[in-house]
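Engineer: This is what each chain is made of:
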Amino acid sequence: MTEPSSAQPEASPSCCNVTANGSAHHEDEEKLPERKTEVKFADLEQPSCSNTPKKSSILRGFFSRSGRWKVFGDRKTDPGVMHTTGLILEERPSNLPQKSEEESARHRLLYEQMLEQAKKKDVKLEKERRKAHEDKKKAEEALAIISRTWNEEILPNWNSSFDTRKCRDLWWKGLPSKVRGKVWQLAIGNALNVSEELYNICCERAELRLNGIQETGETKEARYNREASVAQIQLDVSRTFPALGIFQEGGPYQHLLTKLLGAYACYRPDVGYVQSMSFIAAIFLLQMEPFPAFVAFSNLMNQPLQLAFFRLNKSQMTEYFVAFDLYFHQELPELHAHFDAMNLRPDIYIIDWVYTAFAKSLSLDVTCRVWDVFFRDGEEFLFKTALGILKMHEDLLLDMEFDVAVGFLRKLPADITGNELFRNIEVFMKTGGGAENGKGKKRFQQLHLEVHERLTSINGNKIDKSTIQEISEGLDGMKMSKSLSVFLADLLEGQ
Amino acid sequence: MSSAPHKKALLKVIILGDSGVGKTSLMNQFVDQRFSNQHKVTIGADFIMKDMLVDGRLVTMQIWDTAGQERFQSLGVAFYRGADCCVLAYDVTNSTSFKNLDPWRDEFLIQASPRDPEHFPFVLLGNKVDLAQDRAVSRKKAEAWCQTKTKMPYFEVSAKEAVNIDLAFQTIARAALARESQDTQDFPDFPAQVLLDCGNAKSSSFCSCQ
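Protein chains in written order, with the UniProt record's numbering: chain A, 1 to 495; chain B, 1 to 210.
Keep in mind that the hints are not guaranteed to be accurate.
Calculated pairs, DSSO-like style, for lysine-lysine (alpha carbon to alpha carbon, straight line, at most 30 Å) [to be verified]:
no. : chain 1 : residue 1 : chain 2 : residue 2
1   : B       : K40       : A       : K411
2   : B       : K99       : A       : K314
3   : A       : K120      : A       : K138
4   : A       : K166      : A       : K441
5   : A       : K314      : B       : K40
6   : A       : K391      : B       : K50
7   : B       : K160      : A       : K411
8   : A       : K411      : B       : K151
9   : B       : K40       : A       : K391
10  : B       : K50       : A       : K411
11  : A       : K99       : A       : K314
The hints are simulated quantities; they were obtained by calculation from the structure and are not laboratory data.
Take the sequences, apply the hints, and build the full model.
Structural biologist: This is the structure we're talking about:
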């Protein structure tokens with residue numbers, strides 16, 4: 001933090017003829033030679049100039065013999081400005097004919113012009129650098145204050161403060177990375193009462209499985225499933241956040257992630273390992289220690305939305321798809337109509353978003369910000385985020401054809417920022433304090449409940465044409481995509 | 001019957017096979033001519049489009065890449081419907097992925113329930129032939145399997161080194177095109193059209209994704 005201010009004062013006095021100082025380049029040409037520092041280098045291959053920038057190394061290549069050189073400036077004094085300093089050969093090497101007076105003057109002039117331009121550029125860059133540095137410093141200070149508020153005011157009084165206005169406002173702006181792990185743990189809780197002892201037992205079993213040690217009394221089928229899931233975990237871990245390189249072969253988190261997923265498969269054999277879990281577990285491991293990460297992961301997987309998806313419960317998944325479709329229609333009717341006209345069903349993009357809670361689609365930073373509020377507000381927020389993404393790109397999407405739109409949604413632009421996304425989600429935060437708000441808009445949870453009630457009313461019946469007709473009538477009055485209604489029939493038919 | 005001669009055909013192709021056999025890589029190599037070790041697990045299903053010429057006719061291939069984990073198959077119906085060709089992929093260095101071809105094929109036929117399933121076009125790709133030293137399934141064995149499945153075309157390919165990819169996809173496109181023009185009514189009736197928004201029903205065709 002203090003480095004620029006301490007470097008600055010000594011910078012100007014110790015600079016030679018080329019400085020960042022605005023007046024330096026107005027100096028008369030005649031004056032310059034007097035101030036030139038003439039240095040002779042016996043051997044230019046010496047490492048003394050090895051750390052000079054590219055230009056000098058190029059020159060060194062050209063003039064490998066000794067000659068008279070001048071050194072402009074002193075690099076050590078102000079690294080921010082003086083990086084164009086180079087070694088310039090004033091005259092030709094002694095074995096070559098000397099330049100004429102006229103040519104020398106012309107070269108000098110050209111050289112001065114080049115130098116001046118470089119100086120101007122340097123000054124500009126330096127200004128920008130300082131500005132960026134100041135902005136960063138300000139942001140860091142603000143963050144330090146926010147971190148202190150979390151650490152000293154909110155976390156010690158969690159129960160009384162987590163739901164206050166102040167805390168909610170701070171929370172919305174994104175948790176500081178230093179407290180994120182702690183806040184997530186508190187927000188998710190441990191309703192399953194996963195103890196460290198249980199965790200250790202699961203880890204031990206997972207280690208045995210991962211090392212291929214056979215358990216006795218295992219049926220052939222169980223063994224096949226076990227091997228399949230172990231192999232699947234190992235394969236997927238290496239395909240989790242590949243760009244980070246830490247979960248891949250030899251990476252520091254490879255074993256931790258494999259162990260967490262293996263332990264979970266032992267803890268919940270009814271769920272097991274399901275593709276996309278690796279993304280969720282990976283983010284927990286990046287934010288907290290292995291045991292709390294396991295607790296958070298297990299409890300998250302036990303939420304209704306996650307249970308429905310990770311156990312591939314098609315009728316429950318369908319309820320979510322229909323509810324989202326209704327919600328989408330309510331909030332963004334124009335885009336909904338466009339999608340529906342193209343037969344673009346919500347499940348095509350929502351599946352990926354729900355399974356990974358956006359970890360695969362948004363950048364790691366933005367994903368964490370979404371998770372901040374997801375753990376506070378629950379599953380509804382994931383659907384609000386989905387709408388936020390759609391709203392943010394509404395104009396673009398309205399002009400897209402089916403294939404372009406699907407391609408876009410399955411691979412979102414990498415430059416979506418948290419602030420921009422949250423501005424777009426904010427609109428949907430206002431809908432309904434209660435079940436419905438003044439405009440008659442319903443909350444996602446309300447819509448989901450209605451869909452659930454209507455769909456379960458026919459539960460237990462064999463699904464055929466007439467029952468689907470019944471569902472259709474049951475859902476009468478709800479606007480559902482024609483595309484989705486076909487899908488609904490497909491999904492329910494397979495029950 | 002067949003569509004108008006100048007109409008660009010849209011061919012829907014599904015790639016199925018065990019996790020890790022290289023389905024996404026095959027697709028990327030075909031569409032973008034590149035291979036990366038750094039791709040993420042496919043969740044649900046992904047798709048990519050590519051225009052190509054098949055026997056002088058311009059067609060658009062819509063290739064659906066699916067999740068390889070077995071349990072995701074139950075979601076398959078949503079993606080399989082309307083397919084014109086199904087590509088089965090296995091890894092020549094992994095014999096389990098070869099053994100699982102039968103279940104993948106059967107499951108596809110059950111879920112997509114195409115008309116005349118006996119003649120539905122499949123193409124088999126044996127990927128990773130660049131890893132010759134690790135080979136676990138011989139070409140002969142794969143060819144013998146194909147013979148039992150109404151002479152399914154078979155290609156030994158490498159997504160990594162772009163071996164046989166274009167040739168394989170030409171065959172896939174041709175098979176899909178033949179299917180599409182011979183029977184555009186492959187999936188005539190959906191079990192039921194749950195038309196909630198009856199007032200606005202614009203068209204009678206719900207045939208996927210067009």
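Engineer: Enumerate the violated hints, using their earlier numbering and listing them in ascending order.
Structural biologist: Of the numbered hints, 8, 11 do not hold.
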